[in-house]
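> The residues making up each chain are set out below.
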Amino acid sequence: MHDAIAAHVHDGDTIAIEGFTHLICFAAAHEIIRQRRRNLTLCRLTPDLVADQMIAAGCVKRLVFSWAGNPGAGSLHAFRRAVEKKERPLEIEEYSHFGMVARFSAGAAGLPFWPLRTYEDTSLPQVNDRIRRVTCPFTGETLAAVPALTPDVTIVHAQRADRAGNAQVWGITGVQKEAAFAAKRVVVVVEELVDEDVIRSDPNRTLIPGMIVNAVVHEPWGAHPSYVQGYYDRDNAFYVEWEEISKDAARLDQYLDEFVFGLRDRHEYVDRLPQLRERLTPEPHRCDGVDYGF
Amino acid sequence: MHDAIAAHVHDGDTIAIEGFTHLICFAAAHEIIRQRRRNLTLCRLTPDLVADQMIAAGCVKRLVFSWAGNPGAGSLHAFRRAVEKKERPLEIEEYSHFGMVARFSAGAAGLPFWPLRTYEDTSLPQVNDRIRRVTCPFTGETLAAVPALTPDVTIVHAQRADRAGNAQVWGITGVQKEAAFAAKRVVVVVEELVDEDVIRSDPNRTLIPGMIVNAVVHEPWGAHPSYVQGYYDRDNAFYVEWEEISKDAARLDQYLDEFVFGLRDRHEYVDRLPQLRERLTPEPHRCDGVDYGF
Amino acid sequence: MASITASDAAIDHRDVMVCVAASELRDGDVVFVGIGLPSLACNLARAMHAPNLQLIYESGTVGTRPQRIPLSIGDPALVTGALMVAPMADVFQLILQRGHIDVGFLGAAQIDRAGNINTTIVGRYDAPKVRLPGSGGAAEIAAHAKRVIVVTSLDKRAFPERVDFITSPGRRVTRVITDKCIFDRDAGRHELVLSALYAGVSVDEVRAGVGWDLRVAAPLSEVAPPSPSMLTALRRLRKA
Amino acid sequence: MASITASDAAIDHRDVMVCVAASELRDGDVVFVGIGLPSLACNLARAMHAPNLQLIYESGTVGTRPQRIPLSIGDPALVTGALMVAPMADVFQLILQRGHIDVGFLGAAQIDRAGNINTTIVGRYDAPKVRLPGSGGAAEIAAHAKRVIVVTSLDKRAFPERVDFITSPGRRVTRVITDKCIFDRDAGRHELVLSALYAGVSVDEVRAGVGWDLRVAAPLSEVAPPSPSMLTALRRLRKA
Chain A
1 MHDAIAAHVH DGDTIAIEGF THLICFAAAH EIIRQRRRNL TLCRLTPDLV ADQMIAAGCV
61 KRLVFSWAGN PGAGSLHAFR RAVEKKERPL EIEEYSHFGM VARFSAGAAG LPFWPLRTYE
121 DTSLPQVNDR IRRVTCPFTG ETLAAVPALT PDVTIVHAQR ADRAGNAQVW GITGVQKEAA
181 FAAKRVVVVV EELVDEDVIR SDPNRTLIPG MIVNAVVHEP WGAHPSYVQG YYDRDNAFYV
241 EWEEISKDAA RLDQYLDEFV FGLRDRHEYV DRLPQLRERL TPEPHRCDGV DYGF
Chain B
1 MHDAIAAHVH DGDTIAIEGF THLICFAAAH EIIRQRRRNL TLCRLTPDLV ADQMIAAGCV
61 KRLVFSWAGN PGAGSLHAFR RAVEKKERPL EIEEYSHFGM VARFSAGAAG LPFWPLRTYE
121 DTSLPQVNDR IRRVTCPFTG ETLAAVPALT PDVTIVHAQR ADRAGNAQVW GITGVQKEAA
181 FAAKRVVVVV EELVDEDVIR SDPNRTLIPG MIVNAVVHEP WGAHPSYVQG YYDRDNAFYV
241 EWEEISKDAA RLDQYLDEFV FGLRDRHEYV DRLPQLRERL TPEPHRCDGV DYGF
Chain C
1 MASITASDAA IDHRDVMVCV AASELRDGDV VFVGIGLPSL ACNLARAMHA PNLQLIYESG
61 TVGTRPQRIP LSIGDPALVT GALMVAPMAD VFQLILQRGH IDVGFLGAAQ IDRAGNINTT
121 IVGRYDAPKV RLPGSGGAAE IAAHAKRVIV VTSLDKRAFP ERVDFITSPG RRVTRVITDK
181 CIFDRDAGRH ELVLSALYAG VSVDEVRAGV GWDLRVAAPL SEVAPPSPSM LTALRRLRKA
Chain D
1 MASITASDAA IDHRDVMVCV AASELRDGDV VFVGIGLPSL ACNLARAMHA PNLQLIYESG
61 TVGTRPQRIP LSIGDPALVT GALMVAPMAD VFQLILQRGH IDVGFLGAAQ IDRAGNINTT
121 IVGRYDAPKV RLPGSGGAAE IAAHAKRVIV VTSLDKRAFP ERVDFITSPG RRVTRVITDK
181 CIFDRDAGRH ELVLSALYAG VSVDEVRAGV GWDLRVAAPL SEVAPPSPSM LTALRRLRKA
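Residue numbers (the numbering used here), protein chains in the order written: chain A, 1 to 294; chain B, 1 to 294; chain C, 1 to 240; chain D, 1 to 240.
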């Protein structure tokens, strides 16, 4: 992870760390914080704790997003302090979820814009001049349009990949595929590094092909406190606890000192949290395979 | 199948029978021919033998397509006779593959058009006024655009579905999902009707949700001479044989008399071709399942 | 909506709010559901009169059967045993924008006279008093669901004449269910109108909770109390 | 491309065509491949100098390892053991239009002086002498692959001054490999130029096979004969 972040995430980069609730790569975010990257433009539909931590650590210049909260548990208080109290400079660029999906979709498809039927009679276009109108050449109606988003680097977490980066994902896939194809560089972080034959046994599960991947990192528990379907549950208790940590800037700093700066890597992080396995290891719920014969 | 076609395919309808080489529902096409539907607008990327048969049977008024051939084996001669010799009236509306994919994508997404970077410096826009230009509101560049395609009915073949029509597909998925979502009515034809629990055991395999499906037909061997990954191989010998059948209008009529009009249903068709099982049953090639636990 | 007797008034109005929301759903409806009260109301409806309700979450899970109450809309329990997990691009384009959603269930930090919803900021956008999470998928749900139902507690700050920021347009809002009353949206006048009161709530009490000159439907109904079986089912769900 | 001796001239020019096409591919290239000769050439390159060639077919199969020679680009043997099967919307948008294809391999019924390709009709569009299959994905491959290589037999009807119909634009065509010679496209003049001859073929013979005043590169090369090991590999593939 250290080498992948050092090689692919630079000061001033536009980066996407995607994953909708599922597969949020905290290990990569922590390494970015540890390496003290600065002036990043961070793109995520749901900034989540991962963005709150990166904002508190001073990595983020601009946040491009569509829902900034701690779902079911509270707020992202470092984010709120930056926006409400201007405690540190933070530019924001805001869409609805589909607006963000559309930006990644355009970037992934090699198009300059993506049309959508949102934003009529809303205030968002007044505060974001990247929400514009396009006219249909067939019906004459006008639709909303958003521009392509092409991050310098996208980091996606996946259940498994081979050494070439052919990555397979199940459960909620969110916008991982579009975010990866939109990017100039792609880092794939996985729970399991598997033989190419495992990937080839079920090619319909491959979400991201190795040909667009620049680095593969094997990092078990790399998504905690987010979750990985079939590998570990979401640490809801920590999400709830974050409300208290994040409310208090000093306590947040202390958290970063203890769990990010104070640790060398994810391995040490897992060692520092000895009950993870007992608390979050799932009950198995395996499906049957299917037949690819001909 | 009789009832599904009677209920959902009407004279004058725009219909899509999709499936890219894989999962082409010949059983549905034969039933449409048997029920002597007329003036259909048939939409398919690759018209394949299925379109050649429907054209020869007089069902098709207009063909919307992007590649009309018998891949690796020859031509669609009924189609060619209609176009070259005007032996019967047939309107054609032609795109590239992505043009067709884009038309289905727009229809499926509830958009009036879809932008794409094809057709610059080509002759297609000169013969098809549904290929137009749209201007990007961000960069000012002009792109090609095609209009939404929203068939009255789309017929898709799948490996399996439950009674509500939640359909799972593996192998080549082509443009099945987009064609189904684009349509006003959807008929799903399956090799296996399975319990809802089978679908629920592996929800990432579901390509088409039951909520958009109007009829589910259980029709084993319904895609022959096309194929169904894991169920039966493509009947390449028949595809090669079609070159000879289709070249001769009388022989093609005789084929339709014998294998379509002369038979009541797919069950009788399979009985008429006793070696299908021996010739086309696949070697098993099962993958392992994955874990959906939490 | 018949009148109720005094003995029923002891029922918690927040429970009534959930039961009323559940009653809005018809069997077979395809419902796009947010987390929290909307999720609870949908699961209640499924347990009662609408076993074939199809629940869709913006995480892409279709036909969910959660084995525990999810904390977030992306909870793994929404995946295990679902009928389908769709990519978000499909959720927003093929399902919402294509018009397949019958009912959209939204919460609101503010909702105004016209039914417009604010979940973005309190105050000015560039200098907000309170920064809320923003749209998420709400702008799309409000634009595309055939009927939009809003569930939120009655409070003067939450019901201004005009919201500070329109996150989601009000044009498809049909009903607003609060802990004191129900508003229906008069589509002709583009305005929320008081249509029914909970037991023991007065019109003045509602007027005190909204920031505009409220119109009252005639006749004004009283909300029927939830049946004992519905309340039992609700309590069972809360414990699950 | 060194000159060759007379004894090599017995090698079938169609075999040379496939070997030359294979030699165009570099190890690690991502190649978008049509069925027939292009597919054969790609598999030959993989067996020889480019084991890490990534083959993508428009059916969506990525990194295929077919256990038999496929008759069609949608053959089930292209799926079994592939690295990925992508929906066609992704093939055309995320892979082709996004610019991930290094080499596109196309056939052509006609190709003209400017490199434009016709696979649609011979004659007029509304009254064609011969109706060909049409574009398929060729218009997209020609528009988006970084290098487009065309493989087709030399024949005057196939090499007109201007094609009857531009199915696929010639602007990214870099090389045309025939059974008699190789043309390179002069990007400045937008024109195919004769760059190399197969053994025993004369410039006049090539001129007789094209419908325009052909320019000839100076110096004009002769195509080196395929190595015996490559020819052996080719024959083994044909038998598979």
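Fair warning: there could be bad hints in the mix.
What the hints assert, rightly or not - Restricting the straight-line Cα-Cα distance to at most 25 Å, the calculated cross-link-like pairs of lysine to aspartate or glutamate (DMTMM-like) are:
1. Lys85(A) <-> Asp253(A)
2. Lys129(D) <-> Asp265(B)
3. Lys129(D) <-> Asp152(B)
4. Lys129(C) <-> Asp121(A)
5. Lys61(A) <-> Asp126(C)
6. Lys156(D) <-> Glu84(B)
7. Lys239(C) <-> Glu278(A)
Because the hints were derived from the structure by calculation, they are not lab data.
> Are the hints correct? Go through all of them and say.
Taking the hints in turn, this is what the structure says about them:
no. : hint                    : in the structure
1   : Lys85(A) <-> Asp253(A)  : holds (18 Å)
2   : Lys129(D) <-> Asp265(B) : violated (38 Å)
3   : Lys129(D) <-> Asp152(B) : violated (34 Å)
4   : Lys129(C) <-> Asp121(A) : holds (23 Å)
5   : Lys61(A) <-> Asp126(C)  : holds (16 Å)
6   : Lys156(D) <-> Glu84(B)  : holds (23 Å)
7   : Lys239(C) <-> Glu278(A) : holds (24 Å)
Hints 2, 3 from the earlier list are contradicted by this structure; the remaining hints agree with it.
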